[in-house]
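*Asks:* Sequence:
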Amino acid sequence: MSSSSGTYSGSNGHMCTYETCVLRTSLTVDNFGRRFLGCSRYKVVPKCPFFKWIDNPTCVRGNEAAHFVQQKMDLLRSELQLAHERERAATQVAAEATQMAEIAQDRAAKATERERKFRASSVQAKEIAVRALEQERKCRIALMLSWFYLFILVMLFSCFSSSENVGMMKLSLPVLAALPLPPKAAPLVAGDLVAVDLVAGDLVAGDLEAGGLLSHVSAGVCGAGWLEANQGAPLTVYLKSEEYH
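Counting from 1, position 91 in the sequence shown corresponds to residue 103 in this note's numbering; the numbering is continuous, with no gaps.
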């Protein structure tokens, strides 16, 4: 490297002049406060050794005061460093607080979502319960109606069966053929036969004007019933093991 007329040329090709250099101040004890010219790239590697004093050497009293000034500056540096550390700590605490706030907000959002889902499920459960009660009510009504209809059918079947039995009994009753009757003026005696209308269920009134009383039914032709007159006996008619007076 070479230096001439206020110009310094380094091995890396960098050249410093009075125009490109910067004014700096020495903070050492022996030269405290003494100004000098230095390379503008003194903080960049590789460093440039360009150097030129501007002020005269520091006096003795200045050197004595330099120690106190140096202590004051060291204290300021430590306070500045402590302030930076406090700022970094505050920034970290703020970041942690922000993160915790985000976590709390996320938890609150999740809790709100869970509450919304719970309310929705509660409403759905209520709707299901209402539908179940309505279905149960409908089933109960349907069961009652089915039992009612069954009772009606049983009653109708019973009535129909009774009517059919009565009809069959009427159909099974013999229809007496018209028989010649004795003259109404002649009294009925034992052994006389009198025709009775069994289909209508009543005795012919004109057949009893002679005052004869009928006693019992005797077998006849084609299932017809015959009544045999018997003086002084009550009227007794036997039809299918049932007794009529």
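Treat the hints loosely; a few may be bogus.
In silico DSBU-like pairs for lysine-lysine, Cα to Cα no more than 30 Å straight-line [claimed, not checked]: (1) K122 with K138; (2) K122 with K150; (3) K150 with K138.
Just so you know, these hints were derived from the structure itself, not from any lab.
*Asks:* Give a verdict on every hint.
*Replies:* Hint-by-hint comparison with the structure:
1. At roughly 24 Å between alpha-carbon atoms, K122 and K138 fall within 30 Å of each other, so this suggested pair holds.
2. This hinted pair does not check out: K122 and K150 have alpha carbons roughly 41 Å apart, beyond 30 Å.
3. Restraint check for K150 and K138: satisfied, since their Cα atoms lie roughly 18 Å apart, inside the 30 Å limit.
Checked against the numbered hints above, the structure violates only hint 2.
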